[in-house]
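Let chain A serve as the given structure and place chain B on it in line with the hints.
Same order as they appear, the protein sequences are chains A and B. 75 is the number of the first residue of the first sequence in the numbering used here; add one for each residue after it. 7 is the number of the first residue of the second sequence in the numbering used here; add one for each residue after it.
These aren't lab readings, by the way, just hints derived from the structure by calculation. From a predicted model like this one, the values you see are computed outputs, not experimental measurements. One should not assume that every hint holds.
Derived DEER-like restraints, expressed as beta-carbon distance ranges [what the hints assert, rightly or not]:
1. V174/A / A338/B: 21 to 29 Å
2. I203/B / P162/A: 32 to 40 Å
3. E174/B / D86/A: 27 to 35 Å
For lysine to aspartate or glutamate, the following EDC-like pairs were computed, each having C-alpha atoms within a straight-line distance of at most 20 Å [as the list claims (entries may be wrong)]:
4. K42/B / E213/B
5. K91/A / E220/A
6. K161/A / E291/B
7. K78/A / D215/A
8. K185/B / E74/B
9. K389/B / E213/B
10. K78/A / E88/A
11. K198/A / D209/A
12. K216/A / E248/A
13. K389/B / D172/B
14. K91/A / E401/B
15. K78/A / D106/A
16. K91/A / E402/B
17. K216/A / E232/A
18. K216/A / D153/A
19. K123/A / D325/B
20. K161/A / E290/B
21. K161/A / E278/B
Chain B is faced by these chain A residues, among others (derived, beta-carbon under 10 Å) [as the list claims (entries may be wrong)]:
22. P110
23. H114
24. G159
25. G160
Idealized CB from N, CA, C, for every residue including glycine.
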Amino acid sequence: MANKVIYAVYEDPELLKDAARKLVTAGVQVRDVFSPFPIHGIDPIIGLKRTRLGIVSFMFGIMGLSLAILGTWWMMIYDWPMNIGGKPNQHFYQNVPAFVPVLFEFTVLCAAHGMAITYLIRNKTLPGMAGRNPDPRSTNDKFIMELRTEENHGFAPEAITGMLRDTTVLEINERQC
Amino acid sequence: MNFTISKRAGAITLALIVVGLVLAVIGLAGDHTEHKQYTWAAFYANALFFFFIALGTLFFYSLNHVTETAWTVMVKRVYEAIAMYVPWGALAVLIVLVAGSLGVHHIWHWMDARTLDVADTAHYDAHLSLISSYLNKPFFWVRAIVVLATFVFFARWFRTHSLRMDQETGTALVASHWKNYRKSVLFTVLFAFLSSILAWDWIMSIEPHWHSALFGWYVFGGMWAGGMITAVIFVLYLKGKGYLPQVNSSHLHDMGKWVFAVSFLWSYLYFEQFMLIWYSNMPEESAYYVPRIGHHPWLIWGTFFINFGLPMLLLMSRDAKRSPKFLIGVGALIFLGHWTDTVQMVMPGALGAHFEGIGLLEIGFFLAFLGLFIRVVLNALSKAPLTVVAHPFLEESVHHHI
Chain A
75 MANKVIYAVY EDPELLKDAA RKLVTAGVQV RDVFSPFPIH GIDPIIGLKR
125 TRLGIVSFMF GIMGLSLAIL GTWWMMIYDW PMNIGGKPNQ HFYQNVPAFV
175 PVLFEFTVLC AAHGMAITYL IRNKTLPGMA GRNPDPRSTN DKFIMELRTE
225 ENHGFAPEAI TGMLRDTTVL EINERQC
Chain B
7 MNFTISKRAG AITLALIVVG LVLAVIGLAG DHTEHKQYTW AAFYANALFF
57 FFIALGTLFF YSLNHVTETA WTVMVKRVYE AIAMYVPWGA LAVLIVLVAG
107 SLGVHHIWHW MDARTLDVAD TAHYDAHLSL ISSYLNKPFF WVRAIVVLAT
157 FVFFARWFRT HSLRMDQETG TALVASHWKN YRKSVLFTVL FAFLSSILAW
207 DWIMSIEPHW HSALFGWYVF GGMWAGGMIT AVIFVLYLKG KGYLPQVNSS
257 HLHDMGKWVF AVSFLWSYLY FEQFMLIWYS NMPEESAYYV PRIGHHPWLI
307 WGTFFINFGL PMLLLMSRDA KRSPKFLIGV GALIFLGHWT DTVQMVMPGA
357 LGAHFEGIGL LEIGFFLAFL GLFIRVVLNA LSKAPLTVVA HPFLEESVHH
407 HI
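The shape of chain A in the complex, shown without the other chains:
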């Protein structure tokens, strides 16, 4: 028997959440959900692991801070000590208040860009990448739940679609994969 992908289309995120909760309670594995905007509270229902994006962002921030410290120290203190308005330039720590804006901005720059780029790479949504969206309507006003038979060996495909039909589903599409 060939593996199938089942797409259940909903008109409202709350309806989708209720349906997902029902299926998961019955033991069905939900692969993914496609939605035009983030649905609050869907992650724990379909058993998504918590994102590690925050950790990545933190590491990029630390990297930015280190680079900025290195840069200001090398440029302003070590390589060519700059005398600006008579501010001390013998040691980094004496002049650090003047560098704080740069350190702060560069930390934010690296953290934000690093996080955004990591996010795009991880989602495979960098500009120019082919879309992996099963149904273009999920970028507009439909909410789609994806289920795979290969992950639900305990259920016949008909049983899954039967359970889906009991929810307030708009349509159910099946595809071979």
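Just chain B, lined up with the frame of chain A:
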């Protein structure tokens, strides 16, 4: 569900007031400054600190109406209860203002009429006479009365209105909601002006030769941060007692986020004011920091570390913001950090070299005011249902999930 003050809480707050007053009296006996200025300044710093907490909370409370925030509806009564300290804080500040005007103490030395008398060469101050069109007693009092009356009026109005909304349903409830919205818009606009004016008049004018354009925002940042921390501590206290069962970890997470975010606002302004003055290095500006950093570096940088470093490092992670123990520990430390911030705003300016670091008087008045503050807030909490009975966003707030 209604809140009843436990016997223990009543006894502890009473003990705080008594112990605080005893320490303050011991401190007063050892106060050898002219006009007992040290005692007045210590009283004033603490009066301001707790008044600011109530004001910051009142501001955030009305901001939530303006933005129509739903999740805070669950903890609305806690904000209201803290804001019910506004009349008490106003009274405490008013006592110091009246005493200053009558010449009982000289925290505001510009109030001394001799500084404007050209013939009195020993006391005449050319700078003060230059700014006397703003900094004179009648105009000062007009502003002070407008500031105090506005805050007291709105704190009471919001509370009364909120209690009235509990009795309403349907279209009447929605109409009340919009009335609340319009009043809150008016209040936030007034607050923007009045919070800056009170910072200039009551704190910056302690050192009238020094001016800082962002002083009002810096004081406001401190108010807001103090309010957020106090609110989260009260919510955790109530939850620990088994009240507020519907407040879930998402509400706590959001309250933690506010502590985190507003701590950054405060730190930004605190550091920016210092950095610009340090960088330009002009005598009339650095006169503010030389005595502070020169004599009390631990107070100045310790305050900065506690109020910026601790929340940044400890409250960054999601788990920390959802953990009551963590939140209450960090919150209590930042609470003290904002107290030392208020102390360093008032004391070095009011006392000059007589201020030798935090002593009995500051701690005594702190404990006494803390006891009073907690009593007032708990009393206000016990007067009304802890969760609002009716609100257009109540249902959404119950199901808050992030």
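Hints, one by one, checked against the model:
1. The hinted window of 21 to 29 Å between V174/A and A338/B holds, with their beta carbons roughly 28 Å apart.
2. With their beta carbons about 38 Å apart, I203/B and P162/A fall inside the hinted range of 32 to 40 Å.
3. Taking the beta carbon of each, E174/B and D86/A are about 30 Å apart, inside 27 to 35 Å as hinted.
4. Among the hinted pairs, K42/B with E213/B is consistent with the structure: their alpha-carbon atoms are about 19 Å apart, no more than 20 Å.
5. Distance check on the hinted pair: K91/A and E220/A sit about 13 Å apart at the alpha-carbon level, within 20 Å; holds.
6. Of the pairs offered as hints, the one joining K161/A and E291/B holds, with about 16 Å between alpha carbons and a cut-off of 20 Å not exceeded.
7. Restraint check: the Cα-Cα separation between K78/A and D215/A comes to about 25 Å, which exceeds 20 Å; the hinted pair is violated.
8. Simply put, K185/B and E74/B have alpha-carbon atoms about 12 Å apart, close enough for the 20 Å limit, and the pair holds.
9. A C-alpha spacing of about 42 Å is found between K389/B and E213/B, which places the hinted pair above 20 Å, so the restraint is violated.
10. Restraint check: the Cα-Cα separation between K78/A and E88/A comes to about 26 Å, which exceeds 20 Å; the hinted pair is violated.
11. The suggested pairing of K198/A with D209/A holds, with an alpha-carbon distance near 17 Å, which does not exceed 20 Å.
12. Between the alpha carbons of K216/A and E248/A the distance comes to roughly 17 Å, so the proposed pair stays at or under 20 Å and holds.
13. For the proposed pair K389/B and D172/B, the alpha carbon gap of about 13 Å is at most 20 Å, so the pair holds.
14. Taking the CA atoms of K91/A and E401/B, the gap is about 18 Å. The hint holds against a cut of 20 Å.
15. The straight-line distance between the Cα atoms of K78/A and D106/A is roughly 14 Å, inside the 20 Å bound, and the hint therefore holds.
16. A hinted pair counts as satisfied when its Cα atoms are at most 20 Å apart, and K91/A with E402/B qualifies at roughly 16 Å.
17. Taking the CA atoms of K216/A and E232/A, the gap is about 23 Å. The hint is violated against a cut of 20 Å.
18. A hinted pair counts as satisfied when its Cα atoms are at most 20 Å apart, and K216/A with D153/A does not qualify at roughly 59 Å.
19. With a CA separation close to 15 Å, the supplied pair K123/A and D325/B stays within the 20 Å bound.
20. Pair hint K161/A plus E290/B holds up; C-alpha atoms about 18 Å apart against a cutoff of 20 Å.
21. Using a Cα cut-off of 20 Å, the hinted pair K161/A and E278/B holds, with the two alpha carbons roughly 17 Å apart.
22. The restraint placing P110/A at the interface with chain B is violated, with a minimum CB-CB distance near 19 Å, outside the 10 Å limit.
23. Of the supplied interface hints, the one on H114/A holds, with its beta-carbon coming within about 5 Å of a beta-carbon of chain B, less than 10 Å.
24. Annotation: interface hint on G159/A holds; nearest CB of chain B at approximately 7 Å, less than 10 Å.
25. Contact between G160/A and chain B, as hinted, is supported at the beta carbon level, the nearest pair being about 8 Å apart and thus within 10 Å.
Of the numbered hints given earlier, the model fails hints 7, 9, 10, 17, 18, 22; all others are met.
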